[in-house]
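Asker: Sequence:
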Amino acid sequence: MAPFLSRRDLQFQLYEVLDTAALPSRPRFAEHSREVYDDVLNLAYSVAERYFANHLREADLHEPHVVDGKVKLPPQMEGAMRAFRDAGFFSAHHDEELGGLQLPWVVMQAVQAHFQAANISTSGYPFLTIGNANLLREFASEEQQAKYLTPLLEGRWFGTMALSEPHAGSGLADITTTATPKEDGTYAITGTKMWISGGEHELSENIVHLVLARIKSAPAGVRGISLFIVPRYRVGPDGQPGESNHVVLAGLNHKMGYRGTTNTLLNFGEGGETVGELVGEPGQGLAQMFRMMNEARIGVGMGAVMLGYAGYLASLEYARDRRQGRLPGNKDPHAEPVPITGHPDVRRMLLRQKSFVEGGLALGLYASSLVDDLHTGPEEERADTGLLLDLLTPIVKSWPSKYSQEALSDAIQVMGGAGYTRDSPVELYYRDNRLNPIHEGTEGIQALDLLGRKVTQSGGRGLTVLLERMSADLTASGDLEGVAEIRAALATAVAQSTAALRGLLAQAPALGPDRFLANAHSALEMLGHTVVGWMWLRQAAVAARKLPEARGEGADFYRGKLHAARFFAVHELPKVKAHADLLASADPTTLEMQEAWF
Numbered sequence: 001m002a003p004f005l006s007r008r009d010l011q012f013q014l015y016e017v018l019d020t021a022a023l024p025s026r027p028r029f030a031e032h033s034r035e036v037y038d039d040v041l042n043l044a045y046s047v048a049e050r051y052f053a054n055h056l057r058e059a060d061l062h063e064p065h066v067v068d069g070k071v072k073l074p075p076q077m078e079g080a081m082r083a084f085r086d087a088g089f090f091s092a093h094h095d096e097e098l099g100g101l102q103l104p105w106v107v108m109q110a111v112q113a114h115f116q117a118a119n120i121s122t123s124g125y126p127f128l129t130i131g132n133a134n135l136l137r138e139f140a141s142e143e144q145q146a147k148y149l150t151p152l153l154e155g156r157w158f159g160t161m162a163l164s165e166p167h168a169g170s171g172l173a174d175i176t177t178t179a180t181p182k183e184d185g186t187y188a189i190t191g192t193k194m195w196i197s198g199g200e201h202e203l204s205e206n207i208v209h210l211v212l213a214r215i216k217s218a219p220a221g222v223r224g225i226s227l228f229i230v231p232r233y234r235v236g237p238d239g240q241p242g243e244s245n246h247v248v249l250a251g252l253n254h255k256m257g258y259r260g261t262t263n264t265l266l267n268f269g270e271g272g273e274t275v276g277e278l279v280g281e282p283g284q285g286l287a288q289m290f291r292m293m294n295e296a297r298i299g300v301g302m303g304a305v306m307l308g309y310a311g312y313l314a315s316l317e318y319a320r321d322r323r324q325g326r327l328p329g330n331k332d333p334h335a336e337p338v339p340i341t342g343h344p345d346v347r348r349m350l351l352r353q354k355s356f357v358e359g360g361l362a363l364g365l366y367a368s369s370l371v372d373d374l375h376t377g378p379e380e381e382r383a384d385t386g387l388l389l390d391l392l393t394p395i396v397k398s399w400p401s402k403y404s405q406e407a408l409s410d411a412i413q414v415m416g417g418a419g420y421t422r423d424s425p426v427e428l429y430y431r432d433n434r435l436n437p438i439h440e441g442t443e444g445i446q447a448l449d450l451l452g453r454k455v456t457q458s459g460g461r462g463l464t465v466l467l468e469r470m471s472a473d474l475t476a477s478g479d480l481e482g483v484a485e486i487r488a489a490l491a492t493a494v495a496q497s498t499a500a501l502r503g504l505l506a507q508a509p510a511l512g513p514d515r516f517l518a519n520a521h522s523a524l525e526m527l528g529h530t531v532v533g534w535m536w537l538r539q540a541a542v543a544a545r546k547l548p549e550a551r552g553e554g555a556d557f558y559r560g561k562l563h564a565a566r567f568f569a570v571h572e573l574p575k576v577k578a579h580a581d582l583l584a585s586a587d588p589t590t591l592e593m594q595e596a597w598f
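The sequence shown begins at 1 in full-length UniProt numbering and counts up one residue at a time.
In case anyone wonders, no lab produced these hints; they're calculated from the structure. Check the hints yourself; a few may be wrong.
[What the hints assert, rightly or not] Listed next, the in silico DSBU-like pairs over lysine-lysine satisfying Cα-Cα at most 35 Å (straight line):
id, residue 1, residue 2
1, Lys182, Lys70
2, Lys402, Lys546
3, Lys72, Lys147
4, Lys402, Lys216
5, Lys147, Lys182
6, Lys546, Lys575
7, Lys402, Lys72
8, Lys255, Lys70
[To be verified] If you anchor each label on the Cβ, the simulated ranges turn out as follows:
id, residue 1, residue 2, range
9, Gly416, Pro513, 46 to 52 Å
10, Arg545, Arg453, 33 to 39 Å
11, Gly478, Leu61, 51 to 57 Å
12, Ser217, Thr590, 35 to 41 Å
13, Ala383, Ser141, 23 to 29 Å
14, Glu592, Thr464, 31 to 37 Å
15, Ser217, Pro166, 19 to 25 Å
16, Ser217, Ser141, 19 to 25 Å
17, Arg323, Arg551, 25 to 31 Å
18, Thr590, Ser244, 46 to 52 Å
19, Leu61, Glu336, 36 to 42 Å
20, Arg291, Gly478, 39 to 45 Å
21, Arg453, Glu281, 44 to 50 Å
A virtual CB, placed ideally from N, CA and C, is assigned to each residue, including glycine.
Make a model of the complete structure from these sequences and hints.
Answerer: What follows is the structure, given as structure tokens:
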């Protein structure tokens, strides 16, 4: 079995590119050290390898189904959840007073990456639960936290986010789930929610749904949406799950991939009253839920990276072992066939995969480090850090989701017929990853968010911070040997992107919002490739500084980084210009297309 994760690259990203080992200088992490982080990562690898990777294929072949009214899952999942819980990963990033280790978020994301690479559908249950608990920690009352937070952090109860409805997927302004006030201060919840991952199972004692609903008489649109805690089982005075709260499974969705994570249609208020508790103030539901959604979007990007990475490693191992054909210059029919890594087109596909997944990993961990900077970095820098994180989040979610899919297509192609069969996991990774451009806000929604909100937010300050940081790295790498091509290509991409955005923004008043946003997808592609080019410059700069002293496998590792950066510079960054030109032109083709013409 091929490794599902490169531990060497993870170490490189955390300690050589990001300098995560310096975080213990901050008061929150003062009790930590690199040794602590390494121990945690080693534990994550051990648990992921033993308890998650062991049922990757079974979770796909034996998807959730209902037996005697209960959702049945592969039995190994219970062991996986127990091992994850016993390792303390549900609460690891929380305060010590809550039973946590106060791990930095970037380390926590690196921990999660192990489970996403080993078995992404099983990892979905703790992923959702951790996000659910984070939201409650920020917005729930002390009484609500005392009631729900501890069992979530202990991994005894699991959590979900219940947003979409059958008629309103991404259009949350149109939800119809209703919350009717009761005399005791709680609410009666009625309605139906669709696409609820982890919505029904027997892996935990209770399931805590965070439900968006509209209080009766609330205004239309997003301003009328509130957030409610709705447990599967009502919680008794002793803090234990009791009678049913009438959250009823109406159906399981049968998916292309990601099959081990239940995906449900839930009815609230069927057969009895469903009781919910309001979180915070009425009308703040969507803003509160975005706390979990933005966190989830970084997690989705990381999950996509890890699927692409696992596929890359599988195809690389296959290509090294598979001997076939001879190079064009060798006409001797008696010569031994060469490993297919010797063929330039196979090398092209492997390099392309490497540039996408290692660039995506750098981006996801960089964004995760910004989360730590936002909460524990210098006070005077936090506002800029928050704006930069806001700007990058749509890219972190979307770029790896799309380009890991391309990497996985290349992985299948490298392996030929073997990659197309179920004897290899790459076809499974391909199907699993196809969800990532869709859930937690589609690629199109991320594009609209990026161009329509984040680029102009706070007078465009987030974009200015991004340009300042890229400029600083371009300047710092000026005299490094081996980075000239990525440096020059990035500088060109930055100039093209900046000019395109400034040109479009100058036209905005005359264009109107519809035409201004008509080519938002090109803005996402343009900035996505530019930002990942920046990630490759950062990696190449480290490799160039370390290479002179490196030997053996260490030297090969750094040479591989430099060559992948060169590949991205030559083969990928030139694509920025086409998107920049289209964006600056405010081309109206898509906007002017009429429905009848299709």
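Asker: Are the hints correct? Go through all of them and say.
Answerer: Cross-check of the supplied hints:
With a C-alpha separation of about 31 Å, the suggested pair Lys182 and Lys70 falls inside the 35 Å cut-off, and the hint holds. Restraint check: the Cα-Cα separation between Lys402 and Lys546 comes to about 32 Å, which is no more than 35 Å; the hinted pair holds. Distance restraint check for Lys72 and Lys147: the Cα-Cα separation of roughly 28 Å lies within the 35 Å cut-off, and the hinted pair is therefore satisfied. Annotation: proposed proximity of Lys402 to Lys216 is violated, straight-line Cα distance about 40 Å (limit 35 Å).
Restraint check: the Cα-Cα separation between Lys147 and Lys182 comes to about 20 Å, which is no more than 35 Å; the hinted pair holds. With a CA separation close to 30 Å, the supplied pair Lys546 and Lys575 stays within the 35 Å bound. Note on Lys402 and Lys72: the hinted pairing holds, with a Cα-Cα distance of about 32 Å set against a maximum of 35 Å. Taking the CA atoms of Lys255 and Lys70, the gap is near 19 Å; set against the 35 Å cutoff, the hint holds.
Range check, Gly416 to Pro513: about 48 Å between beta-carbon atoms, so the 46 to 52 Å window is met. For the pair Arg545 and Arg453, the beta carbons lie near 38 Å from each other, so the given range of 33 to 39 Å is met. In this structure, Gly478 and Leu61 meet the distance hint of 51 to 57 Å, their C-beta atoms being roughly 54 Å apart. Taken as a hint, the range 35 to 41 Å holds for the pair Ser217 and Thr590, whose Cβ atoms sit roughly 39 Å apart.
Taken as a hint, the range 23 to 29 Å holds for the pair Ala383 and Ser141, whose Cβ atoms sit roughly 28 Å apart. At about 33 Å, the CB distance of Glu592 to Thr464 agrees with the hint of 31 to 37 Å. Judged by the Cβ atoms, the range 19 to 25 Å given for Ser217 and Pro166 holds: they are separated by roughly 24 Å. Restraint check, Ser217 to Ser141: a C-beta distance of roughly 23 Å satisfies the suggested window 19 to 25 Å.
A C-beta distance of roughly 29 Å is found between Arg323 and Arg551, which places it inside the suggested range of 25 to 31 Å. Here the CB-CB span from Thr590 to Ser244 is close to 49 Å, well matched to the stated 46 to 52 Å. At roughly 38 Å, the beta carbons of Leu61 and Glu336 sit within the given window of 36 to 42 Å. The hinted window of 39 to 45 Å between Arg291 and Gly478 holds, with their beta carbons roughly 40 Å apart.
Between Arg453 and Glu281 the CB atoms are about 23 Å apart, so this pair departs from the stated range of 44 to 50 Å.
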